[in-house]
Amino acid sequence: MRLAWFCAGIAVLALTAPLSARDSLGVFSDWGAFRDPATPRCYAIAMPQANKAGDYQPFASIGTWPRRALRNQLHVRLSRRLSPAGTISLRVGNQSFELTGGGGDAWAKDRKADAAIVAAMRSAGAMIVTARDRDGRIFNDSYRLAGAATAMDAAAVGCAKLK
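What the sequence shown shows, in mature numbering (1 follows the signal peptide of the UniProt record, and there is no 0), is residues -21 to -1, 1 to 142, in sequence order.
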């Protein structure tokens, strides 16, 4: 049943994203991997455990853009619009990271942080993004990491020959 909800969620993400050709590279537990040869880009993506009502459809992704020489870049679409004065923190297993962002989006501060986050994701069971919304309330978006490493690898291989 959980897999059915996950697949339905991934389908919603694919439909709500800008329309372009996307190739599914596979679904791996809670994560999916996709390739968009038009951009080109490849990414691993998941939805949070509890899909709470919010301002946005939340997801976490790890993307690769061959033409931009970007690999393993974290992007989190948060469930709520951020407070302009708030901080965004990410806990992956027992490691904590400070993210940057605005509106409803968050990223690692730099490529070194991206690499550390991806390494932590490969060995942890869950990650939690914590922030304060525009109304001053603290919120969490929680992700299971089952299948994340395999989905990230599938995305990397999917873009290996794209230039």
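No lab work stands behind these hints: they were computed from the structure. Be a bit skeptical, because a hint or two may be false.
Lysine-lysine pairs mimicking DSBU-like chemistry, simulated, CA-CA at most 35 Å apart [what the hints assert, rightly or not]:
| id | residue 1 | residue 2 |
| --- | --- | --- |
| 1 | K140 | K91 |
| 2 | K88 | K140 |
| 3 | K88 | K31 |
| 4 | K91 | K31 |
With beta-carbon atoms standing in for the labels, derived distance ranges [to be verified]:
| id | residue 1 | residue 2 | range |
| --- | --- | --- | --- |
| 5 | L49 | G81 | 16 to 22 Å |
| 6 | R60 | K140 | 37 to 43 Å |
| 7 | G65 | D2 | 19 to 25 Å |
| 8 | G115 | P45 | 38 to 44 Å |
| 9 | S68 | A94 | 32 to 38 Å |
| 10 | A139 | G115 | 23 to 29 Å |
| 11 | S121 | G81 | 29 to 35 Å |
| 12 | P16 | S102 | 26 to 32 Å |
| 13 | P16 | D89 | 16 to 22 Å |
| 14 | S68 | A48 | 14 to 20 Å |
| 15 | Q36 | D132 | 23 to 29 Å |
It should be emphasised that the depicted structure is a prediction, and the values quoted were computed from it without experimental measurement. All residues carry an ideal CB built from backbone N, CA and C; glycine is no exception.
Hinted pair, alpha-carbon criterion (35 Å max): K88, K140. Please report holds or violated.
holds (28 Å)
Look at the Cβ atoms of L49 and G81 and judge whether their distance stays inside 16 to 22 Å.
At 20 Å between Cβs, range holds.
Could one say that the CB atoms of Q36 and D132 fall in the range 23 to 29 Å?
holds (25 Å)
Looking only at beta-carbon atoms, does the pair A139, G115 fall within the given range of 23 to 29 Å?
About 45 Å separates the Cβ atoms of A139 and G115, which means 23 to 29 Å is violated.
Starting from the range 26 to 32 Å, see whether the pair P16 and S102 falls in it by beta-carbon distance.
Hint holds: Cβ distance 31 Å, inside 26 to 32 Å.
Has the given pair, K88 with K31, been kept, meaning a C-alpha gap of at most 35 Å?
holds (26 Å)
CB-CB spacing for D89 and P16 relative to the 16 to 22 Å hint
About 28 Å separates the Cβ atoms of P16 and D89, which means 16 to 22 Å is violated.
Outcome for the supplied range 14 to 20 Å, where the beta carbon pair is S68 and A48:
About 28 Å separates the Cβ atoms of S68 and A48, which means 14 to 20 Å is violated.
Has the hinted range 37 to 43 Å been met by the Cβ atoms of R60 and K140?
Since the Cβ atoms of R60 and K140 sit about 38 Å apart, the hinted range of 37 to 43 Å holds.
Taking 32 to 38 Å as the hint, is the beta-carbon distance of S68 and A94 inside that range?
violated (18 Å)
Does K91 sit within 35 Å of K140, going by the straight-line distance between their CA atoms?
holds (24 Å)
Given the hint that K91 pairs with K31, does the C-alpha gap stay at or below 35 Å?
holds (31 Å)
Violated hints, in rising order: 7, 9, 10, 11, 13 and 14; the structure is consistent with all others.
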